[in-house]
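Starting from the known structure of chain A, arrange chains B and C on it as the hints suggest.
For reference, the chains in residue letters:
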Amino acid sequence: MARAASPRRRAAISVLAWIVALLIFFPILWTVLTSFKTEAEAVADPPSFVAFDWTLENYFVVQERSDYFRHFWNSVVISIGSTIIGLAIAVPAAWAMAFVPGKQTKNVLMWMLSTKMLPPVGVLVPIYLIFRDVGLLDTRVGLVIVLTLINLPIIVWMLYTYFREIPGDILEAARMDGANLRSEVLYVLLPMALPGIASTFLLNVILAWNEAFWTLNLTAANSAPLTAFIASYSSPEGLFYAKLSAASTMAIAPILILGWFSQKQLVRGLTFGAVK
Amino acid sequence: MNMRAVLGAATALTAVGLTAAAQDATTLTIATVNNGDMIRMQALSDNFTEQNPDIALEWVTLEENVLRQRVTQDIATGGGQFDVMTIGTYEVPIWAAQDWLLPLDDLPADYDVDDLLPAIRSALSVDGTLYAAPFYGESAMVMYRTDVAEQAGVEIPDEPTWSDIKAAAEAMHDPDNEVYGICLRGKPGWGENMGFITAMANSYGASWFDMEWQPQFDSEPWQAAMNDYLELMNNYGPPGASSNGFNENLALFQQGRCGMWIDATVAASFVTDPDDSTVADSVGYATFPSREGVDNRGNWLWAWSLAVPSSTDAEDAAKRFVAWATSKDYTTLVAQEEGWRAAPPGTRTSLYQNQEYQAAAPFAEMTLKAMQAATPENPSVDEVPYTGGQFVAIPEFQGIGTAVGQTFSAALAGQMDAEQALQTAQQLTQREMQRAGYID
Amino acid sequence: MATQHSRSAARLMISPAVILLLGWMLIPLALTLYFSFLRYNLLMPGTNPFVGLENYSYFLSDPAFTAAMVNTLLLVGGVLVITVVGGILLALLLDQDIWGQGVVRILVIAPFFVMPTVSALVWKNMFMNPVNGLFAHLAEFLGLSAFDFLSQAPLASIIGIVSWQWLPFATLILLTAMQSLDSEQLEAAEMDGAGPLSRFWFIMLPHLARAITVVVLIQTIFLLSVFAEILVTTNGGPGTASTNLTYLVYAESLLRFDVGTGSAGGVVAIILANIVAIFLMRMIGKNLDA
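Chain order of the listed sequences is A, B and C. Throughout the first sequence, residue numbering follows full-length UniProt numbering, covering 1 to 276 in sequence. Throughout the second sequence, residue numbering follows full-length UniProt numbering, covering 1 to 440 in sequence. Throughout the third sequence, residue numbering follows full-length UniProt numbering, covering 1 to 290 in sequence.
So that you can see chain A by itself, here it is in the shape it has in the complex:
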């Protein structure tokens, strides 16, 4: 409802929006700023915003202590791997639910979502024992399996709500025009489904990237992603705000940037069929 507003009103609203947005963003900004301070400046009172000696030292210290790139790579493999496998399982399921709905479709969908409500701590020990016995502890494969399963309900749900928006009539029309199944899928369905799949992909990568329970408890050194990397900066000895900030910035920057760049696709996926 972006109607033409009087310039004065527009200015007032813009200022207000900017203030609110900056307040919401401030904790992240502050973390990034602090990561460039020395430890002493990080706790200085009164704190300074930009007028301090900018230093990259914290980043070097953090990198030396815990190999960032390995954790980063683990995060990439685990979040993208689990998302791709999850999509491979979920696309057919959501497709079938959307285009061939049965009496039980809705119940199946709801049941799937309800599996996500189980508290993970309640089943950690059983999973740990199973993983020990099949040799999946501290492996990326193990984490990919777990993250695929915990996020599968969300993927199915998102794809389902998205696919449902694709009008079934188009298929009929294409069929009448003599399209075979292959060209039907390739030229009609895929182009319409791709944006939904893309946004599901993005959201799921974010969820998997930030998952901090299983990734911390099932890993040691080999497969530890960034969530484990950040765990070693929780209340260490001595002054640590600047190092904590540097490690935090390193942990969230990749996904933040990805999120920003793909904002449009993400928003579309996030609506979960909320908008008709």
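These aren't lab readings, by the way, just hints derived from the structure by calculation. Nothing here was measured: the structure is a model prediction, and the numbers come from that model. Yeah, the Cβ is synthetic: ideal placement off N, Cα and C, and Gly gets one too. One or more of the hints may lead you astray.
[Said to hold, decoys possible] A few chain C positions that, by computed beta-carbon distances, are all more than 12 Å from chain B:
1) 5
2) 22
3) 99
4) 150
5) 178
6) 179
7) 182
8) 195
9) 198
10) 216
11) 219
12) 281
13) 282
[What the hints assert, rightly or not] To give an idea of the interface, some chain B residues facing chain C are shown, with a C-beta separation under 8 Å as derived from the structure:
14) 72
15) 126
16) 239
17) 240
18) 320
19) 395
20) 399
21) 435
[Stated by the list, open to error] What the simulated footprint calls covered on chain A by chain B, stretch by stretch (three residues with Cβ under 8 Å from a Cβ of chain B suffice, anywhere in the stretch; the number is not a length):
22) 49-62
23) 210-221
Only chains B and C this time, still in chain A's reference frame:
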């Protein structure tokens, strides 16, 4: 659907990831706590890998509570994720009794086991066999700001009583300038606030259990200790004390926010580190306080130690690493790199006979004195059925200590008074001990 | 429309997802159920005898259990209220014609990308810390004494942190829903002399109902198992002031290593989560069909 292509891509991606991690040599996974001395060990570990090119090291560095959860979970289920674990004097006897740890009875001759401080060595041994090698050891003592004390016109005796501490805290307390009289642990946890409060209670003549394993929180010494603890913290403590553990208090002291701090002796080498501490030049030391008429100074004794779990698949390499990290040579290496002051304290007699160390570490004498005075096999003035100074060496203590710690932390946060807190602690401990079958 | 043939094809397409989720649910659940009838403490390995319902009675009679129930509800409810109300207000604001709309939107959604561990660490240390935190500096600047958030108002602080993480999510969904509203409808109402408030109440809000339901559903799923934020900031304390059900189960099984009681707690939590789930599904199912 192009499922095959998608799956193929996923497999390829995973495969790329897996090959990237391929290692040729033996890889040791070391679980350790994110304390300064361990971070330093990690930084110096190139020395080990140069001497042992066939061994590669992987580090899992975690905050104390998380570390404890991870290693206990792994060792109890035989997960085998770690080859070297950092554990304390509480775990070693319990875990060794379960055959979870490999005995360290074949350490090289130049390791000189007899050089270990007797109190520490006995705490890490079961039936005379050593099951973990001490990385650093500690007792507890008072650390205070000599400059603030002087300004406030108080003198803290070498062997203070709790009344002396209270008087000094009152005199030094200057919240307008953000200097708080005393910093003590308040963060819940059996190894956090309960470590301190248990030692404090010991020095008041209290104990956790009587000979029948009945909890003793309803006794007079506990009441006195709890009242004084709350009074000290509420009147002269920093804000937010109920979430301050060792590390938080260390940061506060290093910033000059604490007049006094009663905690682990190992802190002395950090508060005197001119790089990190703004008060490095003006720290004084005194023994852990006692109560008038009670001959007990808390009996705090702890050693972060390196142990090799029986589930390891690299026993030989793991033992080599443990021997390296707790050797005399390692101490010398730290001294070369960072100066003698930074040497890991509290494990070896030879360190305290070293002239250079004594000169560089003004806290050496007080540390040694505190460690020699601690008698964890006999923690309370009363006769008790358990051992352990600032903890009770039974497996159930982790659970009980954590729950009681939460209660005392709630008292410190002002949610209940001392009497209520002790009552809750009494009921809670009784409940757990009944369940565990110690009492009916 | 759907033939027998396409029905069986559909079943075939759904089955991998269903079988995997069923396995993921049933296998650990069966083990958890089994453990919950044993005396099983990781620190005391041995025979793990069968003890019937002892673990359940022990868990349910724990004074912390009631507290955890209440805290769980407060946490979920509190965050939902804040994010839905805040989300609507923010969406209204962002829906206006403002300068730099794209940048503003980027700033607002940023918290959603931050790992829970990171956001908890940052809030705890750099903002809420009563000595070195920014809020303490601010209070001092204003001549007030520093407020100790995590010990004086632990649950409220955690609600605040979690709300910060989920506000962008609610805002985005509500904003998209708002933008799909037919502006002619609003203009028509305006012509009819409806004030801004009644326009919002009678046209905007009903239009948003569906979006709000989705926000509530998805967030509840994640909020029931909030854990990292509590572990990092308060450890469930002081006392049990910020212990939720998930954290209590964690404390039993991984701080006390009493897997038996922890499993019993896990089963209780699963039952409660399913009650919430059924309730939610009813509500959402109705709203989504509409």
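Here is what the structure says about each hint:
{"no.": "1", "hint": "5", "in the structure": "18 Å, holds"}
{"no.": "2", "hint": "22", "in the structure": "21 Å, holds"}
{"no.": "3", "hint": "99", "in the structure": "41 Å, holds"}
{"no.": "4", "hint": "150", "in the structure": "5 Å, violated"}
{"no.": "5", "hint": "178", "in the structure": "34 Å, holds"}
{"no.": "6", "hint": "179", "in the structure": "32 Å, holds"}
{"no.": "7", "hint": "182", "in the structure": "36 Å, holds"}
{"no.": "8", "hint": "195", "in the structure": "47 Å, holds"}
{"no.": "9", "hint": "198", "in the structure": "46 Å, holds"}
{"no.": "10", "hint": "216", "in the structure": "32 Å, holds"}
{"no.": "11", "hint": "219", "in the structure": "27 Å, holds"}
{"no.": "12", "hint": "281", "in the structure": "28 Å, holds"}
{"no.": "13", "hint": "282", "in the structure": "33 Å, holds"}
{"no.": "14", "hint": "72", "in the structure": "6 Å, holds"}
{"no.": "15", "hint": "126", "in the structure": "16 Å, violated"}
{"no.": "16", "hint": "239", "in the structure": "4 Å, holds"}
{"no.": "17", "hint": "240", "in the structure": "4 Å, holds"}
{"no.": "18", "hint": "320", "in the structure": "29 Å, violated"}
{"no.": "19", "hint": "395", "in the structure": "4 Å, holds"}
{"no.": "20", "hint": "399", "in the structure": "3 Å, holds"}
{"no.": "21", "hint": "435", "in the structure": "6 Å, holds"}
{"no.": "22", "hint": "49-62", "in the structure": "violated (count 0)"}
{"no.": "23", "hint": "210-221", "in the structure": "holds (count 4)"}
Of the numbered hints listed earlier, those contradicted by the structure are 4, 15, 18, 22.
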